[in-house]
Amino acid sequence: MTDFIQVLVLGLLAGGLYALAASGLTLVFGVMNVINVAHGALLVLGAYLTWLFWRRTGADPLLLILVTTPVMFALGWVGYKLFVQRVRGAPAMSVLLTFSLALVIQGILGEIWSNDFRTVITSYSNHSFTIGSIVLPKERVFACAIAIVILGLLWLMLTRTWLGRAIRASAENPQGAALIGIELGSVAALTFAIGVATTGAGGSLISFSSFFPSTHYLWISRLLGIIVLGGMGSLSGAFVGALLMGVAEAMVAKYVPNGLAWVTAVPYMVIFVVLLVRPRGIFGAWTREDVATV
Amino acid sequence: MTGPPLRRIAYGLFVLAATVVLALWPILNHDAYKQNVILLAFLIAVIAVGWNIISGFAGYVSLGQSAFVGIGAYTAGVIAQQHGWQWWYVPLGGAVAAGVAVLLGAVVMRVRGHSFVILTIAFLFIMRLVATNWTSLTSGSNGLSFPLARYPREWQNTPFYYALFVLLVLSVLLAWSVRRTKFGMGLIAIREDENKAGAVGVSTPAYKLLAFAASAIFVGMAGAVYGYYLSYINPDGMFDIVLSVQAVLAVLLGGRATILGPVLGAGLIEFISEAITLEPGDLVLTGTPAGVGVWRDPKVFLKAGDEVSEFLEQRRAHRRSAQAGVLDLRPVGLPATPRVVEGNGAGGRVLVEVKHLEKRFGGVRAVDDLSFSVRQGTITALIGPNGSGKTTAFNLIDGLMRPDSGEVWFDGERIERLRPWRRAHLGLGRTFQITRLFGEMTVLENLVAPLREFRWRQLAADAVAGHEAERAEELLDFVGMHAFAHERAARLSFGQQKLVELAQILMLDPKLILLDEPAGGINPTLIERIAEKIRALNELGKTFVIVEHNIPLVADLCDPVIVLARGTCIASGTAAQIQRDPLVLDAYLGEGWTVEEAVTA
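If you read the protein sequences in the order shown, they are chains H and U. Here my numbering = 1-based position in the first sequence + 190. Here my numbering = 1-based position in the second sequence + 1.
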């Protein structure tokens, strides 16, 4: 039983971090109907930036969030203006374009920093809190807590500010939003930039565990699984989906024979099952398709 | 596609010359490195040509295409490891790949758009994981070794070169035959508008499953040859998504939905990739042109020769029809009797009967206990306020939606559970409120796309030919759109599209024609022309059900008139009767109006 709770708690801690990583992906999809397949690669890029600053200055990754987030925000803005803007409205092509961006990022990272494993090590690495017989690695607790704080800020931004309302309005009904004076182009660019900015914070938080350029495949499949599970475009869905994904991975690793080999299969299985059984995800609502404007 | 003869001859000669040079290459040149490069280009070309069938023609964009290389290679490798190499492992690898493709197609049948792309990525990675973790069969990440080839060393890789060359030629021939047959026409119809394709009689599942098989079979065979050529395979190398992306990129570079574009593109890609051989650099080089290709033009980057001539031909057609269009604007007299339209016998009996039909969307009952019947030979109108369930009723009758309960009878058969194309084959034709022609097809192609039945042999028939093409041209004459026959449908005005859509469903020779707002959003001259056509067809025995808001037109054209409100039938009778019915006035004008007020107001 203790075993089970231990696995569950570790899964939830991972899930909190996944939720932050998935939030940008689902936000971008919800507003501009673009699946940013480069999101995983941007996350890994965020981790590399953190590692780079950490090695130069020795600063704590949790503090470096304040550096990586604006950097990635700027990158997101430029990326939107240069590339993504042109493929909006062509779903398959946008997947292809962002996938090729992912390959380019992977290639550049490999060229600069080689394909070796990297990890950020802090004073609290390998330290844990213990509650009874449950062990909570400090890094994971901090990462999860900060991820949830950032998600809270993102949520406040979306619900309480004019920009947030503009973003949600353009997600619900672009034409209507344009009619009431929302400049769709700027809102889309901002949304994409905010989506990519989350990979800055997320990247800092994942830098505690080892990563290398092609880790982005692992991340993008996991994040796609999460947003498919939660209903694409839904922020709260992504949050719950992320927790479920974290727990599912932890459970498979622990309880399935040869489980570690199959952990990477979990997201793909989730994607297959959810898209076939309930394509709108567990929290997505069915809407009329015949009157929807394309 | 009747381009200028000279240009076509030049293009044909170029293709022939290129084929001959590639066929003689290993004899003329013994450089092993160059041979290897061309061989890899062949592999990418085979994948690209296959991808083009499912993604270029049918519009289902896949990033899992390279999985079939792995499936073919592992099929051959697993057997070869135990029993030695036999040539028939190659077709076996192709058959297994095609089988898996059909299975995948059947499983993901209802998934489209983003979800489909994601699923294909998931499929590729699941295949890789199976190959990695099924160690008893595949030796997992240790990989498999093929037995050594037993031909003289000085042949170098020539046998593999020719094997892949032949597979490439065969797959191009397959793509070419798909493109020019009913099968390819159906796939393009699916790409343009899958629901519409079903509504005009294309059995979309059969088409899609066949397309999946056709896109995988030669890729599987090439995989078996490629594995034997490498002599050692492992999961990461064989199920490599970068190979998929390279193939997709090849198609985008060469021209999507073209025949030889993918081959040309594959050559370019392999040439570029070989320019830098560093592993990370390779990724940048794959990614960059793919990104640039999509970035420059999401549709097509560089068109292959045959498409250029097609493009020019369309330009000329456009100019021709622009001139013809001026003449065409004159009011049309009595319609020429369309002798290709067959009569449907005497009127009077009930052709359509709808019983207690119900359809809910969440909490909204769009259609709620709807019952009515339509007699043969009538022009029946279905009117009612917005949101009263008229279009939903159409969708339930023609099969775009299935009812939650209730029955639909058509010509003595119960049809509410039949798929749309089955209903089209029974004689049900339907136009849409917002026209849904296949935009990238010409007007003539739009007309020959509908199918009156499903037969396997029909798939291999020429796309535009014979009696059918004649019929199509006569129907275009009938609606006055003949001058636009070779125009792309998307270029027509809305009203013109309505006329073409009417001609299109007449190709089905339907007993019943459902028209959704034939007069909505078009100018009065065209409304008059459409009304004339409806009357002429009705005289030949065609039965119509018309949803329309233009009440004068309804009063002029239709008898009886059925009125819907809140998803149910509240009145029916002649137009004059309906206009005096207090229930109808209530539904249109809201409660609180008395009949007197409404009449005097």
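Derived from the structure by calculation, the hints contain no laboratory data. Mixed in with the good hints, there may be bad ones.
[As the list claims (entries may be wrong)] Just a few of them, taken from the derived set where beta-carbon distance is under 8 Å, the chain U residues facing chain H:
1) Leu41
2) Ile119
3) Leu130
4) Asn134
5) Ser137
The structure presented is a predicted model; accordingly, all values stated were derived computationally and were not measured. Note that the Cβ used here is the ideal one computed from N, Cα and C, for glycine as well.
Tested hints:
Taken as an interface hint, Leu41/U does not check out: its beta carbon lies about 18 Å from the nearest beta carbon of chain H, beyond 8 Å. With its C-beta approaching chain H no nearer than about 6 Å, Ile119/U sits inside the 8 Å limit, and its interface hint holds. Hint on Leu130/U holds. Least Cβ distance to chain H is approximately 5 Å, under the 8 Å limit. Contact between Asn134/U and chain H, as hinted, is supported at the beta carbon level, the nearest pair being about 5 Å apart and thus within 8 Å.
A least Cβ separation of about 12 Å between Ser137/U and chain H goes past the 8 Å threshold, and the interface hint is therefore violated.
Checked against the numbered hints above, the structure violates hints 1 and 5; every other hint is satisfied.
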